[in-house]
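There are 2 protein chains.
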Amino acid sequence: MKNEIFRLKSYLCVGLDTDITRLPKHLPATPEGMLAFNQQIIEATADFAVSYKINTAFYEAQGAEGWHVMAETLKAIPVGKFTIADAKRGDIGNTVTQYAKAFFEKMSFDAITVAPYMGADSVTPFLAYLDKTVVLLALTSNETAQDFQTLPVGEEMLYEKVLRTSSTWANPSQLMYVVGATKATYLQKIRAIVPHHFLLVPGVGAQGGSLEEVARFGMNSEVGLLVNASRSILYASAGEDFAGQARQEAQKLQQEMAITIDKYAQR
Amino acid sequence: MKNEIFRLKSYLCVGLDTDITRLPKHLPATPEGMLAFNQQIIEATADFAVSYKINTAFYEAQGAEGWHVMAETLKAIPVGKFTIADAKRGDIGNTVTQYAKAFFEKMSFDAITVAPYMGADSVTPFLAYLDKTVVLLALTSNETAQDFQTLPVGEEMLYEKVLRTSSTWANPSQLMYVVGATKATYLQKIRAIVPHHFLLVPGVGAQGGSLEEVARFGMNSEVGLLVNASRSILYASAGEDFAGQARQEAQKLQQEMAITIDKYAQR
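Those protein sequence lines, which keep their order, are chains B and X.
Note that this note's numbering gives residue 925 to position 85 of the first sequence, counting from 1, and the numbers run on in steps of one.
Note that this note's numbering gives residue 869 to position 29 of the second sequence, counting from 1, and the numbers run on in steps of one.
Hints were generated in silico from the structure; no laboratory data involved.
Wrong hints could be hidden among the right ones.
Identical copies look the same in the list; a pair holds intra-copy or inter-copy alike.
[As the list claims (entries may be wrong)] List of simulated lysine-lysine pairs, BS3-like, C-alpha gap at most 27 Å:
id	residue 1	residue 2
1	Lys-946	Lys-865
2	Lys-1029	Lys-849
3	Lys-865	Lys-941
4	Lys-1103	Lys-941
5	Lys-1092	Lys-941
6	Lys-915	Lys-946
7	Lys-972	Lys-865
8	Lys-849	Lys-946
9	Lys-972	Lys-941
10	Lys-1092	Lys-1103
11	Lys-915	Lys-1029
12	Lys-1103	Lys-946
13	Lys-1103	Lys-915
14	Lys-941	Lys-915
15	Lys-972	Lys-842
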């Protein structure tokens, strides 16, 4: 992933949150239509994106056929791109072993998002796959993240405790964190706790974070960031030109990213 | 569900954590074999169980075919049983809406387990389905539950804060909690915070909690408990008599439960 980031001067992750009800009208509102849409989005954006994130919920909503579309979409992603199953799984050991089979063996994702509530048990079985990565929720971008994530736990907030504790479970090559971009002011605190881990930042674009601010406070010498954009790319146009418009949107983000890499990252 | 509990004098939930590698030898180790196994387990235990819980991980590990087995298994569960998707999903609103479609529309589960880390956003979209129930993780039975769930947050522990906060999101007809049986001593504290909610208690049987202790401290006047058993029932025998042995195991638990209902529940 790191080579690809410097090669493309991009840390763009395209989020394939493909809503069957929002496909362009010339495509059928069917699982087959979703797959065709994804394949064209991937092809159109691959020059500018280093990563693709598949939000499992949108596929599960279509049942077994949707699950098949997810697997086929993954196959359409070019070799060298970092593929993330945005599944937010989290369970006890023997169940996590099954999730690892689902996402790392039956399908061949590079990474999976995981919720921290059940502790190390939710992460450990994934770590047996040495070339795979767990992306742990730390601070999310939604409004009610504050219900629990920012509660004071001793001297710090819960999400800081999650970062501090979990960072001992695996080294940065196997562990990343989800950090909501709308909380860019928190990024300095986060980088003080986990200077070397990659951060997956949703919430730029439709969810509205500032790329410059994320880069300024979140980037490390290896870049250390993946910034996700979903709706702003997928639905850039509702017409037959959707792929071309998606490409332009991705390119625009990549160009902004290139500037921030030059400004903030040192090799 | 409440009628069924008093009719059968049982609060047994059978957990269909069906591991394709642990099927009896006379069944094929295929998705079809899983389905045949589940159908026989359900038929054998339906006289004693009021609820069935499908652990989605074991089905996802078989890909789209496994997802199909999950949907077909759900159809094999008799009307009147309370069906739970043990999916531990948790995400932001527009994603949760998709999970609701997956588990409440595309399939017709009565309930889904949900992780609390992202706050109310992870629960609210499910509540639009007035006849469905969210089962929120509170205190889980695994060892590393202590990494975060029992951290002190002000005067109480995180899981208590989760209970107190989330109990304002929905009334007890739409909200239940997962409470690990190995923490039965915590049940008194939990009942002080949520006296009326149903509790889903895993960890009796293979995970080793005491049914008497759970009933003593966890039962309310409407019983208010579902106790899950998975491996002790599913794998009671590895031979051709697996269904008969599963039935006996379920009946044994039901008989213990009937005693505790007479002892601790008042209509």
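Quick rundown of the hints versus the structure:
1. In the homo-oligomer, the alpha carbons of Lys-946 and Lys-865 lie at most 27 Å apart only across protomers (23 Å), although the nearest pairing inside one protomer, at 33 Å, exceeds that limit.
2. Proximity of Lys-1029 and Lys-849 under a CA criterion of 27 Å is satisfied intra-copy only: 26 Å inside one chain copy versus 54 Å between copies.
3. In this assembly of identical chains, the alpha carbons of Lys-865 and Lys-941 lie at most 27 Å apart only when taken from different copies (22 Å versus 36 Å within one copy).
4. Taking identical chains as interchangeable, the C-alpha atoms of Lys-1103 and Lys-941 are never at most 27 Å apart, the minima being 41 Å within one chain and 44 Å between chains.
5. Taking the closest pair of Cα atoms, Lys-1092 and Lys-941 never come within 27 Å of each other, the shortest separation being 37 Å inside a single copy and 34 Å across copies.
6. Both within a single protomer and between protomers do Lys-915 and Lys-946 lie at most 27 Å apart by alpha-carbon distance, with minima of 12 Å and 25 Å respectively.
7. Neither within a single protomer nor between protomers do Lys-972 and Lys-865 lie at most 27 Å apart by alpha-carbon distance, with minima of 37 Å and 33 Å respectively.
8. Taking the closest pair of Cα atoms, Lys-849 and Lys-946 never come within 27 Å of each other, the shortest separation being 32 Å inside a single copy and 41 Å across copies.
9. In this assembly of identical chains, Lys-972 and Lys-941 lie within 27 Å of each other by CA distance solely inside one copy; the values are 12 Å within and 30 Å between copies.
10. For a Cα distance limit of 27 Å, the shortest separation of Lys-1092 from Lys-1103 inside one copy, 17 Å, qualifies, whereas the shortest one across copies, 68 Å, does not.
11. In this homomeric assembly, Lys-915 and Lys-1029 never come within 27 Å of each other (Cα to Cα): the closest approach is 38 Å inside a single copy and 50 Å across copies.
12. In the homo-oligomer, the alpha carbons of Lys-1103 and Lys-946 never lie at most 27 Å apart, since the shortest distance is 41 Å inside one protomer and 48 Å across protomers.
13. In the homo-oligomer, the alpha carbons of Lys-1103 and Lys-915 never lie at most 27 Å apart, since the shortest distance is 35 Å inside one protomer and 58 Å across protomers.
14. Taking CA atoms no more than 27 Å apart as the test, Lys-941 paired with Lys-915 passes in both settings, with 17 Å inside one copy and 25 Å between copies.
15. Taking the shortest Cα distances, Lys-972 and Lys-842 sit within 27 Å of each other inside one copy (14 Å), while across copies they are farther apart (45 Å).
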